[in-house]
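Number of protein chains: 6
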Amino acid sequence: MFFRQRQMAYHAKPEKPDPLFAKMLQEPLGGQWGEISVMMTYLFQGWNCRGPQKYKDMIMDIGTEEIGHVEMLATMIARLLETSPIEQQEDMAKNSVVGAVMGGARVEDAIVAGMNPQHYIVAGLGSRPNDSAGNPWTSAYTIASGNLLADFRFNVTAESQGRLQVSRLYNMTNDPGVRDMLSFLIARDTMHQNQWLAAIRELEEDGLEETPVPSNFPQSLEKSEVAYQFLNHSEGMESQQGRWAQGPAPDGKGTFTYVDRPPAYTEDEGQLNPVDPRTYGTPPAPVPPAAAE
Amino acid sequence: MFFRQRQMAYHAKPEKPDPLFAKMLQEPLGGQWGEISVMMTYLFQGWNCRGPQKYKDMIMDIGTEEIGHVEMLATMIARLLETSPIEQQEDMAKNSVVGAVMGGARVEDAIVAGMNPQHYIVAGLGSRPNDSAGNPWTSAYTIASGNLLADFRFNVTAESQGRLQVSRLYNMTNDPGVRDMLSFLIARDTMHQNQWLAAIRELEEDGLEETPVPSNFPQSLEKSEVAYQFLNHSEGMESQQGRWAQGPAPDGKGTFTYVDRPPAYTEDEGQLNPVDPRTYGTPPAPVPPAAAE
Amino acid sequence: MFFRQRQMAYHAKPEKPDPLFAKMLQEPLGGQWGEISVMMTYLFQGWNCRGPQKYKDMIMDIGTEEIGHVEMLATMIARLLETSPIEQQEDMAKNSVVGAVMGGARVEDAIVAGMNPQHYIVAGLGSRPNDSAGNPWTSAYTIASGNLLADFRFNVTAESQGRLQVSRLYNMTNDPGVRDMLSFLIARDTMHQNQWLAAIRELEEDGLEETPVPSNFPQSLEKSEVAYQFLNHSEGMESQQGRWAQGPAPDGKGTFTYVDRPPAYTEDEGQLNPVDPRTYGTPPAPVPPAAAE
Amino acid sequence: MFFRQRQMAYHAKPEKPDPLFAKMLQEPLGGQWGEISVMMTYLFQGWNCRGPQKYKDMIMDIGTEEIGHVEMLATMIARLLETSPIEQQEDMAKNSVVGAVMGGARVEDAIVAGMNPQHYIVAGLGSRPNDSAGNPWTSAYTIASGNLLADFRFNVTAESQGRLQVSRLYNMTNDPGVRDMLSFLIARDTMHQNQWLAAIRELEEDGLEETPVPSNFPQSLEKSEVAYQFLNHSEGMESQQGRWAQGPAPDGKGTFTYVDRPPAYTEDEGQLNPVDPRTYGTPPAPVPPAAAE
Amino acid sequence: MFFRQRQMAYHAKPEKPDPLFAKMLQEPLGGQWGEISVMMTYLFQGWNCRGPQKYKDMIMDIGTEEIGHVEMLATMIARLLETSPIEQQEDMAKNSVVGAVMGGARVEDAIVAGMNPQHYIVAGLGSRPNDSAGNPWTSAYTIASGNLLADFRFNVTAESQGRLQVSRLYNMTNDPGVRDMLSFLIARDTMHQNQWLAAIRELEEDGLEETPVPSNFPQSLEKSEVAYQFLNHSEGMESQQGRWAQGPAPDGKGTFTYVDRPPAYTEDEGQLNPVDPRTYGTPPAPVPPAAAE
Amino acid sequence: MFFRQRQMAYHAKPEKPDPLFAKMLQEPLGGQWGEISVMMTYLFQGWNCRGPQKYKDMIMDIGTEEIGHVEMLATMIARLLETSPIEQQEDMAKNSVVGAVMGGARVEDAIVAGMNPQHYIVAGLGSRPNDSAGNPWTSAYTIASGNLLADFRFNVTAESQGRLQVSRLYNMTNDPGVRDMLSFLIARDTMHQNQWLAAIRELEEDGLEETPVPSNFPQSLEKSEVAYQFLNHSEGMESQQGRWAQGPAPDGKGTFTYVDRPPAYTEDEGQLNPVDPRTYGTPPAPVPPAAAE
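Protein chains in written order, with numbering that gives the first Met the number 0: chain A, 0 to 292; chain B, 0 to 292; chain C, 0 to 292; chain D, 0 to 292; chain E, 0 to 292; chain F, 0 to 292.
Hints listed in this document are in silico derivations from the structure and should not be mistaken for laboratory results.
Note that the structure is a prediction, hence the values are computed from the model and not measured.
Take the hints with a grain of salt, since some may be wrong.
Claimed, not checked - In silico lysine-lysine, DSS-like type, Cα no more than 30 angstroms apart, as pairs:
id, chain 1, residue 1, chain 2, residue 2
1, B, 15, F, 53
2, B, 12, A, 222
3, B, 53, F, 12
4, C, 53, A, 15
5, A, 12, A, 53
6, F, 222, F, 252
Stated by the list, open to error - Listed below are several chain B residues computed to face chain D (Cβ distance under 8 angstroms; list not exhaustive):
id, residue
7, 167
8, 228
9, 277
10, 279
Note that beta-carbon positions come from the ideal geometry of N, C-alpha and C, so glycine has one too.
Pulled out of the complex, with its shape left as it was, chain A reads as follows (with noise of 0.2 angstroms):
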């Protein structure tokens, strides 16, 4: 059950407003690895763990935060449409922005040109639960396995490409207040890096789980002999020069080896058998066409 305090976490208002950053911004509140990514995610893997409380609790504290980061980007990218194009132009009376940039050619107009037209004839100058593209959030973006191990891994991922999505948006924009809301997402993105990072370490320690995930799959009924196999596909060598080609494993429990030309296992080259003639696909010989009754 769930509570909403009116003060956001932190501030969300621009210097002025920019169109053209809105679209952009979309990316990190609605994109594959935005703030409504990590949100349904973590919430799911909550209400689905069956660990320890201290795991439970904690995804659903992250993912608690996570709806406040969406509601501050949502309302940045609302306030970075406020003052639009449309009131910007004094003649509005006889020209549409549109007519305009056809025919008056005034540079400024261009950018009308780039903003996510969805943002005005869809959402009358809100945020959209979209990413920079236009393509909507789907939750084929998230994963709540049951399996903490393999989900912390996703959720370490899912940090690092978020972080590394704002820092580039922090370089496409000069508005301090932009930045400094961005500089806010940046930081709690290093601890959530840091936080399933320590997570993991945790679920290690308490001897819940650990690579090969899943790590109570028994070992023996694996085809142990590739288990451990760098199979280089490709011409040349280079591959083989890092740490993945030789040594021990991180696992702890094998020795790379590096196969230059990968053998096949099999002399089968996948040929099919003929089915029933009523399946009406191309045999091997030619059919009498009475196939069906």
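Once you've looked at the hints, dock chains B, C, D, E and F against the given chain A.
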């Protein structure tokens, strides 16, 4: 540029058909964490790689290997469908498969109800580039960000989720041929989890990247006072028990603190200003009707 | 900014597991008209609201409540999956679940065929942010247009479709625990239908908006002669029998008329002109080949 | 069964081409609330209708009319693209369009940067069944639930959102031909908002349905004590000021009450039980490794 | 502009209900190659047509016919669901449908497990604009490119895939009413395959287009030495046995040659250059941290 | 099983960067008819092939070649983005790119407004598996039906649409390096159109399949009187002028006839029967409320 060898990488032959398991096996083929996802992810990471050659080659090696894994799963599924339920019925001329289910009421027929109908209707008893619920594969499952540490973290995740799913599937069948192939895939996922973990260490040792990603964004520009705070957004203090709430952070650059009741860092409640009435949104007070021309 | 209380809003405990009903219950969780849809719709409507404060607060209250409804459904589904079919079999070491279905032919096993396979394979017996057919939730289900009357009409719809679906589900189970939770959700949907209808009246009484939406677009600019005509596009005249075909229109601004055979208001048949041959489309007549350089 | 008349329902001829506005105009054609959405929604509602004939016919009339609206928009867009930027350049043999943008740096060329690239590359200067951001139309935008009151509420919404978007577009152009067509669409949306509101009254007067939908679910089975409570999930009491918080509810069956700090109706914190270890999820305590066979 | 006749194009009445077959029949209604796909494809091809009038009219004729095919399938599905499993149970007051499946274990109930749950929950026993796996229809299934030969080839494909699927469905039922309707659809697909093949010949005879599409792109500008080479990318030479590997090409403009081991036409291995460090990608060598401002 | 050669199939090097054209070039990479689509289509057709070996090998050869085309396009796009707009500005320390656009108003900056923002934010100046409007690639673009004639017709279509799009793109750039690569792709599409046309002839000559597809469905079972009728669903008779309306049909099995005003073959108007009231749909007449228990 790519070439094909006719033998598959490993055996992909079931002892007997099983249309229901064929549906299940679509998940590691065309699901969020299936082989198409890793194939496409690794290939795009490789093609977009601006880092040292050994990384690019290593990434492309695995990407190329994964094409062969897609091949094995596609072949296995086509064979699990091979002796279709259609063929099993002697009185085929008189009864349809589904008609028989409704009328004749044999238990075997009930399995048909659980089949993926597109296996027969769309693919003619072949595999599909879809998941076990029938959703088409989408490139929204992939990432190639240009930052190898961010991406390798994703890759560890993908191999963890993938091995987890295949391990679950191992328990859903007792067909020796299917289990044999799954044991190969599980072993390769063991390798690939280890490989990406090793690659992460290599990146760090090469001085190319470290936590927090991206490490060359100046930390002086982030809001540093919140960069190592755990913010407790729930009742209760159980989330204080883990190493994410105290002690040194994994990046070696800060120390975790625990904030029981996180403050709002702003008085701002997110109110928005009115905009041009020609957006036709709801304003703070009534507006006169003549808002267009 | 949001906070979480550990108790759920209401009970979410089934008497016994039911993996098939768990699949069904995904619809009100992650379907087009499910709780994620109303949660996200209301939150974005609130964040984008430029109208009076009482509306913004009211919208945010419900949006926050809905997060808790998502929580209840996610929890219920995880519990309906809890004693999975896997556990029910004593001879698990010898037979797999699905293998047993194919070979042993017991009726109970047939239920497995109807399960959502991703509940086990992907989520490890947890809930998913998807609908009952397995489609991922998408923000394309939501709207926040900036115009509160247009949006409140959507909200009444969502609560109507939602209550309809939950009522249907009520008849698909006789588990007292499940029915208890559904009776809570049905009651809240009663409240929310009423609430949005009341909010529509409030908007009208506050003089902020009325039919036709948007009411501050000057009606003098619309093609007024067709603004109250019912156009009969079919054979037969039965569509003339309703109050949509005669008498005063609900907006109080016009009177319905019935046009039995609607005219075309133009002679234009939609022919298009030829374009630059370098578009390589099919022109009205053959073109010479040298169309590029 | 359907037939086509060659004249369009109304004029759809711009004064001059405008590729940027062609992009914008995709929203009311193929967007969430565009003409394809209402066409498909109404047709399916009509085909699935089990209610009285007058409703079915009325629904099909509008559904059929909307096919003609799709036609008008598709034609208008193709004409807005007709004299493409390609044609406007005399020195076409020497410079490409985009090359000229990069090198020649004329302001007009900047418009090209804002075009929907698929209008040229995919459709050869024709319209697309997509929205203004390029997302393909999806049937997930539609609903035909079998309950006419639930669906007519959707239809009022669709006509409200649609008229809102077209009104906004009216302000984005000053082409008299485009505005003329938009004024027709706006008028029809006025009609259709009124029509669906009238149809809702008719349904209620015919005794077929009323609030709360579905009205024939026995209200005795819902958790009645929460059926008319406003639950304040935020700080502050501004949400108490509307008619949703006090007085009789619109359905005439209850009275609103305001609950300032809503209680949890359960002590249940949503903890889940452990499941079969072969799900490989994270359990409350370490498990032995031999979890498969 | 379109009009509707109340009779359907053909009978659409099953002998008895069959909820499982209703699920299957969604494929030719709302699947990739279903009637909605051809309806929308043909309508958009017609509206975008810049070629001679006879083509535009012909395309619109079929597009309009297909609306009626959607109608027939939607009606048939609603009727296959009509006497739902719910009605079949006498003891409905005591047991729910699904509860009965879990407890009572009757074979008929197993069919319920295979139903599309959305047929009942979402559509109230009506059809859906989705495919047999429950995926919503998307306009990404369609094409209207402006080039009629390219599009007519698509149309032949659509009618081939469509007839194939309906033929398969014919074998999945023995209901005489369903088979009667399918025999009509199969015959119309016979017509439409022939029709589009005839239209392709007409286009060629009219000198409007020919192979390779687009034929008015100057072949002098293509890399002609590879325009008729078969490149063998596999081991083995079996692919040399077809007429694609030798003799005159179908376009009459070249002769096929077979290249056993295709060369790389470049020494370029695709290495990329480093970019501005503020993209925060992984560079070829370590970079100093001060990359932002 | 697959192997990789480090050289690409052909040159993929632009003379100079062009971020706007990089956006355009996503269409033949990740669009509906792009290289990922043909790669995945051909690979799945090959893996699912039950026909003679020469077909399977031929299909796999092209499928493997197409992986290399994806590689070329991905590389070209990454290079077109290489000298990013970011680098072009000397005063980067003071102004951000987008900030400069808003304030400084230089024409070059307007190009930035047209870039795909995800090229920078998500991919760090790399390519994306998306189309030119930013939509993710989806396997819904592909087909492998098991019937080779149906599928080869799709393949001819794909190569036609693909060549059409690349030809259009050829006219949108004058970069010699880009045009050189496009001339290679255009030539390969010439080959592949011819190849699939030749393969269709081969199938027919081998007696494996012919028009109408599927040819082994007994034509006696189709409603033969409508199998060769052209049904005129519009006013006017212009659609009678083509060879689709008279003379022998291409399959050699029937003769076209032209039906000016097609009849309904049924009196059935599609009325549906009422269903169990617990579906809560709208019935033909009011129902008593006690519909649940």
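Verification of the supplied hints:
no.	hint	result
1	B/15 to F/53	holds (27 angstroms)
2	B/12 to A/222	holds (16 angstroms)
3	B/53 to F/12	holds (22 angstroms)
4	C/53 to A/15	holds (27 angstroms)
5	A/12 to A/53	violated (36 angstroms)
6	F/222 to F/252	holds (14 angstroms)
7	167	holds (6 angstroms)
8	228	violated (23 angstroms)
9	277	holds (5 angstroms)
10	279	holds (6 angstroms)
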